[in-house]
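**Student:** This note's numbering puts the first residue of the sequence shown at 147, with every later residue one more than the last.
Don't read these hints as lab results, they were simulated from the structure.
Predicted model, so just to flag it, every value in this text is computed and none were measured.
Do not take every clue at face value.
With a straight-line cut-off of 20 Å between C-alpha atoms, the simulated SDA-like cross-links for lysine to any residue are [stated by the list, open to error]: (1) 181 to 193; (2) 181 to 154; (3) 181 to 153; (4) 181 to 166; (5) 181 to 163; (6) 181 to 192; (7) 181 to 167; (8) 181 to 159; (9) 181 to 170; (10) 181 to 171; (11) 181 to 191.
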Amino acid sequence: MTNSIALILAILITGFVVTDLYVMDWGAVPFLFRKLVAFIEYLAFWR
């Protein structure tokens, strides 16, 4: 991963979190975190 791609991803993620804070009152971040944990457990099962 190049530095420019990493910077763009960091800006996008930060923008999403800030937008979620002000618009959805932290509704999407916990939802996505729960889905990420479930996905990691699913992948661990297939390992």
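**Student:** Does each hint fit the structure? Answer for all of them.
**Tutor:** Now for the hints, and whether the structure bears them out:
Annotation: proposed proximity of residue 181 to residue 193 holds, straight-line Cα distance about 19 Å (limit 20 Å). Between residue 181 and residue 154, the direct Cα distance comes to roughly 23 Å. Violation of the 20 Å bound is thereby established for this hinted pair. Taking the CA atoms of residue 181 and residue 153, the gap is about 24 Å. The hint is violated against a cut of 20 Å. For the suggested pair residue 181 and residue 166, the alpha carbons sit about 16 Å apart, so the restraint of at most 20 Å is met.
A hinted pair counts as satisfied when its Cα atoms are at most 20 Å apart, and residue 181 with residue 163 qualifies at roughly 16 Å. Only pairs whose Cα atoms come within 20 Å are accepted, and residue 181 paired with residue 192 is accepted, the gap being roughly 17 Å. Annotation: proposed proximity of residue 181 to residue 167 holds, straight-line Cα distance about 19 Å (limit 20 Å). For the given pair, residue 181 sits about 16 Å from residue 159 by alpha-carbon distance, which is consistent with the 20 Å threshold.
Of the pairs offered as hints, the one joining residue 181 and residue 170 holds, with about 18 Å between alpha carbons and a cut-off of 20 Å not exceeded. Of the supplied pair hints, the one linking residue 181 and residue 171 holds, its CA atoms being roughly 18 Å apart against a limit of 20 Å. Straight-line distance between C-alpha atoms of residue 181 and residue 191 comes to about 15 Å, which keeps the hinted pair within the 20 Å bound.
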